[in-house]
Amino acid sequence: METSFIKRNGGMKRCLLTCAAMSLASIAMPPAPALADNAVKLKILVITTGDLDEDLEFAYIKPVLDQIGVPYDVLNAATQDLKAATLASSSAGSACKAEDPGCTGNYNGIILTDADLVPGFTPSEWDILHAYQKNFGVRLAVLSGWPATYSDSHGRYLDYGLAYSSSGSDYEARWTVPDTYGKQVFEYVNRANPVPITDFAFAAIPRNDASTLRDGSVPRVEPLLRTQDGEALVSIVRYMAPSQATPVREVMISTITNASSLIHSNVLAYEFINWVTQGVFVGARFVHMAAHLDDLFRHSPLWDPALKKENFTAAYRLSGVDVSNAVSKQLAFRTAHPVAADFRLDFAFNGSGAVIDPDSMPLAANLKEDLVSAVVANKTSFRFINHTFAHLDMDRAPGSDSLCDYATFSSIAAIQAEITKNRTVWELLDLPERNQNDRVLITGAHSGLKDRKCTTDPALHPDMLNVQADDIGFNAGGANPLFLQAAAAAGVNYLAADSSQQDQNVEQYIAQYEDGSPMNRLMLPRWPTNIFYNVTHPSQLEDEYNYLYHGRFVSAGLNPCEIAGAICAPRNYREILMMEADLGLRHMLTFSKWPHFFHQANLARYDENGNTLQFDWLNAVFAQYEELFTLPVKNLPYYLIGDHTAENLEAKSAAIQATWDRTTDQVILSANKAIPHLLVTGLAGGELYGGQYIRDIAVDTRPMAYPVDRALAQ
1 METSFIKRNG GMKRCLLTCA AMSLASIAMP PAPALADNAV KLKILVITTG DLDEDLEFAY
61 IKPVLDQIGV PYDVLNAATQ DLKAATLASS SAGSACKAED PGCTGNYNGI ILTDADLVPG
121 FTPSEWDILH AYQKNFGVRL AVLSGWPATY SDSHGRYLDY GLAYSSSGSD YEARWTVPDT
181 YGKQVFEYVN RANPVPITDF AFAAIPRNDA STLRDGSVPR VEPLLRTQDG EALVSIVRYM
241 APSQATPVRE VMISTITNAS SLIHSNVLAY EFINWVTQGV FVGARFVHMA AHLDDLFRHS
301 PLWDPALKKE NFTAAYRLSG VDVSNAVSKQ LAFRTAHPVA ADFRLDFAFN GSGAVIDPDS
361 MPLAANLKED LVSAVVANKT SFRFINHTFA HLDMDRAPGS DSLCDYATFS SIAAIQAEIT
421 KNRTVWELLD LPERNQNDRV LITGAHSGLK DRKCTTDPAL HPDMLNVQAD DIGFNAGGAN
481 PLFLQAAAAA GVNYLAADSS QQDQNVEQYI AQYEDGSPMN RLMLPRWPTN IFYNVTHPSQ
541 LEDEYNYLYH GRFVSAGLNP CEIAGAICAP RNYREILMME ADLGLRHMLT FSKWPHFFHQ
601 ANLARYDENG NTLQFDWLNA VFAQYEELFT LPVKNLPYYL IGDHTAENLE AKSAAIQATW
661 DRTTDQVILS ANKAIPHLLV TGLAGGELYG GQYIRDIAVD TRPMAYPVDR ALAQ
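Numbering (our numbering), first residue to last: 1 to 714.
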């Protein structure tokens, strides 16, 4: 099995997996049949009221579509007209209907960012949109807005069947999904619990009267999410025609303001996509959580509340008792949170602390030492990641006339040795999955990816208000070429990055630096937290947190309430934990695979019950998660996060052709190049996750047919 990377010259590729790994199931499928007339492409049309910086709801749904991998087009109603040929066109480019020979709908779902699209959308455009929905059986979702009713001289052309009732920004919304939609909508949410709506929303009452649109249909509203007073906030509107048992159109409408920063929006986002596509689309969503503990086998200096800084004379290193306690706490965590039944911590380790003499070769494991022996005895309970041998800095060396706050390397060989010596320790300790993990590297302090200009210690640079002000970011040439060349020479494929740092908050191939290899490294961001690396106890965390975000500003005579990022009043440990858990929850609900990183001191037992800062955080995050979601949480090793990220980037770089033939209930897939791993939701034979089948398919230029299974019988 061989991981691929994009080659810098000409965009050449090497297969993500060997060609032999192409799915046998896809090869065995019969050639794709000629499309029936009842067919739509697996693509969504998003109709907006403006660009990203003008349309809040577009800025909200776009990253969700991108993360899941759903193909979509955008029509800006403020600057573009909707035409019938946009929605369905013949080979000649003219508008066509489903019953016309060879006519395929261009979209299997429509998303409106605003309920009435005023002032950009005209009555005739609404007629075109509704006609396409009816003709091709395509659903529509409205992300937000006023539940509008509009008429012109030809009659009523827009009506969601709702009458405005109230508005506000503080509703305790309750789930009321009817049984008829029980397996189709919001099946992933915990319907037993309310959803706090924390931004402006219109609440409405279903009219369900005889009011008729000019196409002869009557809206029938079924609320899915109601206020505590029974008013509708999210509803399905079924447009019924006389003497017809099934609706001619179906719409999901939300009258809640949505934004990426809002928890309720994160909860709702997936269903807007899933609803309009009827659960059949290119792409997939999973919820992830991985927790990395850096610096195993090292000592961490601890925060000193009296000095208001870390004290290097009071350092902490995990003990064998701490490791045994972590095993017990991890088992208890899995039991308490069944959605995390397979969860394991990841230790990023520095092998210099696990050998008898780090300066002597050959290296010899210190297997009798308390921590080392405990880690080896419990190695199957955890996963491990190469964090370099001695946690040394990989940043650029200074010029000959400069002094540096930290030691630096001047040769590729020396840096490579820091990587490979840690692999030797991996073998000496017989830790699991070394070969797979050779492809992943976490450097000390994520060094090597920016140039800190040798200024890291404020005490040594009292003339600088901010020692980070002179840093040169990754995209500005700040990465150390020697480090990147050493990583390439050592066969490292994936490099950990700190998402809080400049230019490091995106998954990206490192193509702008020459590293001597035909393949590029892939940057894998990790999320930091405010569970600081130098604390073992809640009181320490509380003191440092309140000093950094409040006390130091007060001491300087400043008002923290007027400073971005500061807090107006100190917080206790419980409040800090809830704030940090809220942030962790938000990360999970983006469906991103990025891990959160901590440090070894955070796993220390701080009381007689064996509590630790690390598991306090995990339990708090999952308690909040389980109030909202029922989806199992994926806990992937870092190398698999890298593999899946590479696969997703490879799939997104291709032009995918996907069409759902609703007559045969098959999806026909092909691409402009070979894609060994394309995730598609709603196909038979896939993994059952959250009530839906998600299938991993190898596609190439040959169209192949796959049966649809939306798992509605599960």
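Hints are not guaranteed to be accurate.
[Claimed, not checked] For lysine to any residue, the following SDA-like pairs were computed, each having C-alpha atoms within a straight-line distance of at most 20 angstroms: (1) Lys453 <-> Pro481; (2) Lys421 <-> Thr408; (3) Lys634 <-> Leu688; (4) Lys134 <-> Asp100; (5) Lys309 <-> Asp405; (6) Lys134 <-> Asn106; (7) Lys41 <-> Cys103; (8) Lys634 <-> His677; (9) Lys652 <-> Thr590; (10) Lys62 <-> Ala78; (11) Lys309 <-> Tyr533; (12) Lys41 <-> Arg605; (13) Lys421 <-> Asn435; (14) Lys41 <-> Ser94; (15) Lys183 <-> His550; (16) Lys83 <-> Ala95; (17) Lys634 <-> Arg238; (18) Lys308 <-> Gly557; (19) Lys134 <-> Arg238; (20) Lys308 <-> Pro71; (21) Lys379 <-> Arg605; (22) Lys97 <-> Ala131; (23) Lys652 <-> Pro71; (24) Lys309 <-> Ser539; (25) Lys308 <-> Tyr533; (26) Lys379 <-> Arg334; (27) Lys368 <-> Arg317; (28) Lys308 <-> Ala569; (29) Lys62 <-> His550; (30) Lys97 <-> Gly137; (31) Lys134 <-> Arg214; (32) Lys41 <-> Leu688.
Quick caveat, the hints were computed from the structure, so don't treat them as lab data.
- Structure-inconsistent hints, enumerated in ascending order: Hint check: 12, 15, 17, 20, 29, 32 fail, others pass.
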